[in-house]
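Protein chains: 2
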Amino acid sequence: VGAGDRGRVSLLVEDLHQADVGTLLEALEPEERPQLIELLGRDFDFSALTEVDDAVREEILEELETETVAEGVRDLDSDDAVYILEDLTDADQAEILQHLPAVERVALQRALDYPEDSAGRLMQTEFIAVPPFWTVGQTIDFMRETEELPDTFYEIFVVDPGIRLLGSVPLDKLLRSKRPVRISGIMLDEPDQVEATDQQEDVARRFQRYNLVSAAVIDEAGRLVGVITIDDVVDVIEEEADAEIKALGGVKPDEELSDNVWEIARGRFTWLLVNLLTAILASAVIGLFEKSLEKMVALAVLMPIVASMGGNAGTQSMTVAVRALATRNLGRGNVRRIVGREILVGLINGVAFALVMGVVAVVWFGLPSLGPVIGLALIVTLTSAAFGGIVIPVLLDRFEVDPAVASGPFVTTITDVVGFFAFLGIATLWFGLG
Amino acid sequence: VGAGDRGRVSLLVEDLHQADVGTLLEALEPEERPQLIELLGRDFDFSALTEVDDAVREEILEELETETVAEGVRDLDSDDAVYILEDLTDADQAEILQHLPAVERVALQRALDYPEDSAGRLMQTEFIAVPPFWTVGQTIDFMRETEELPDTFYEIFVVDPGIRLLGSVPLDKLLRSKRPVRISGIMLDEPDQVEATDQQEDVARRFQRYNLVSAAVIDEAGRLVGVITIDDVVDVIEEEADAEIKALGGVKPDEELSDNVWEIARGRFTWLLVNLLTAILASAVIGLFEKSLEKMVALAVLMPIVASMGGNAGTQSMTVAVRALATRNLGRGNVRRIVGREILVGLINGVAFALVMGVVAVVWFGLPSLGPVIGLALIVTLTSAAFGGIVIPVLLDRFEVDPAVASGPFVTTITDVVGFFAFLGIATLWFGLG
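Protein chains in written order, with this note's numbering: chain A, 1 to 434; chain B, 435 to 868.
The shape of chain A in the complex, shown without the other chains (with noise of 0.2 angstroms):
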């Protein structure tokens, strides 16, 4: 690339496919990148910037002649181009726009209008829609005979004069009727569709447990606008896995291993910050003990130890009930049953531990009694732990707060705030350190 030698370059890149495109765009340094398309031209096929990092692609963009964009998006399906612009500022996308034919500016913008993660974002507006009293032998001359047919499909839609959506076909149905059947004797009635306005985790939850391929798209009219298809939704479903676990990891669903090191640490700040105050809290538990702790420093070395059982499982209850609340397996009619499991799962595995470490402490500091104290401790911790674990992500999906996000504090700061007060507060009770 750096000596400029198309010939060369576009050998190299003309059998890959676009996802190695994109790969070998990642790899190149920030200023070759958009030095290799120009350098490509008409050979470079756009849909390799659907799978670069959005940091890398806005990077791209924003160096890019609008021009060379406006051509490169023309040639996409209108679901890879919206993804393309959607990220662009509103003037940018405008000026890109100005440079497409109305038809497709038209097409593009009206996606555009769609709020972000909707259905209407992520279909792709080129579908083949016929008439219900056309037979099998007429679609498919037509489609042999139609020169701009979307990239691929796997059903056709039927339409009446309003393109108000009646039915579809599935391509291998089509393929197995004879010509002289009407369509209309061959259509499902009832077609797989979503609202261009869903969600798209929504829609992509329809994806799996129906197991779709392809679903169409229809406004608030009931008129066909687009499709959805597979792909895209596989895409989603690694989107929302990789955000739920970034989420639950205390880090911005939107990091990238591209972004720089500022924007990492500013990201990782804010999380950083709300645990530091459950952290100076849970300090502020043990400051209320400081006297206990003067006349037995042996408490001050087993406290944490009950701290982070509790933390831990906390954690393995939120875990859960972040994935079933998720997976939407977790709702009014088993949150009582899953809410007393999880009690009594945290009640079994505490008086467990509190054998275990029970027996440890005492041969650990000679102490009899710290033995029942911190068993007693442990049970207490580890049942508040699970009860938290499981009560808070379900109260923040009730009030519609993103659970794999909020939850992680709130679980810290009972199971901190408990474990030091149970442990501290016994301890002073049963050896009168009062």
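None of these hints come from the bench; they were simulated from the model. Keep in mind that the hints are not guaranteed to be accurate.
Incomplete in silico selection of chain A near chain B, CB under 8 angstroms [to be verified]:
# : residue
1 : THR152
2 : LYS178
3 : ALA300
These numbers were taken from a predicted model, which means no experiment stands behind them. No residue lacks a Cβ here, since even glycine has one placed at the ideal position from N, Cα and C.
Once you have looked at the hints, place chain B on chain A.
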């Protein structure tokens, strides 16, 4: 169901999608589930059993007559049949297979012989394969006349007389071609294919990366043995994400909402036991500084803050590392850069929280020199936490240990040990408490 009213029950179930029947089964009391299936008889679609929790499915299958199960799986596509049978004991499998016709028995047996979590288990053995010299017309006529076609398919395969895979033709391409055109003229020479022994996880990555909808499965000899479609892959992707989230939260990947209290408690006990060992190690470190703690109890109050901040910073780095490894975005090419970046992020946030917490500690305890002590400890701890959080998952991955499962305890050990040691050690030296 209780009243055994077959007519009303089948009316009720008739129009439901298999996924909804699955949900219905899970909502019933355990003893009613097999009753419902027997009541429905031939009207019950066994594919609903692929939609319920593993534990529920195993219970139901145990209760049902072998003949009923054999009859039920016979109607299924082979991938669903394998999914239902694979968790049964070998003896139960053999008994059910005996009741099947020879052709289906052999096909299922072969799929079950592939290793667990391999592509061979995921594939369906029903597919359409034609010779390259056929024409489009011949192929379409063949599909119209053949009764026993797969339920849905997105491409047909082209094979030689030895059933070795030569190419594939997507259905839309077939539909758009004229009848006299030869299949060899429109087929893709390099069809998307995987080997039967490939890991499901790798198959899922391929589907995702290259936006596939179906892929041929070939055996060692290059013979076409089945086809994997995206709906199965979506389940694999979801399972992988589920396993990763649970592993990071210290929960066994196969824990399900329908498990009973004892199974769950036992499963989580193991993780908590590992955690107890790391907590005891951290306590032992605190034990080294008993004298310092006796002289200055403020240290006992503040020390959990240092450990907790380290733990959270370590978890952040670890989450990013585990994610990047799972998505194959972290490899030999960029590992140095990412490790360096994480250390820098740890250092930056270490300095930031050193300032914040230094001021808080001084104000709280009115002891000016406590500021630099806790500040220094935070810088050391957060930097080590970031380093451990990224390096441990990478090392585990190199030794082919699942980083999502095993990283947690190591990272916690590092952050706790370093946190307590740094804070108490620096304080002991600074204040001359030794």
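For this structure, which hints from the list above don't hold up? Those not satisfied: there are none.
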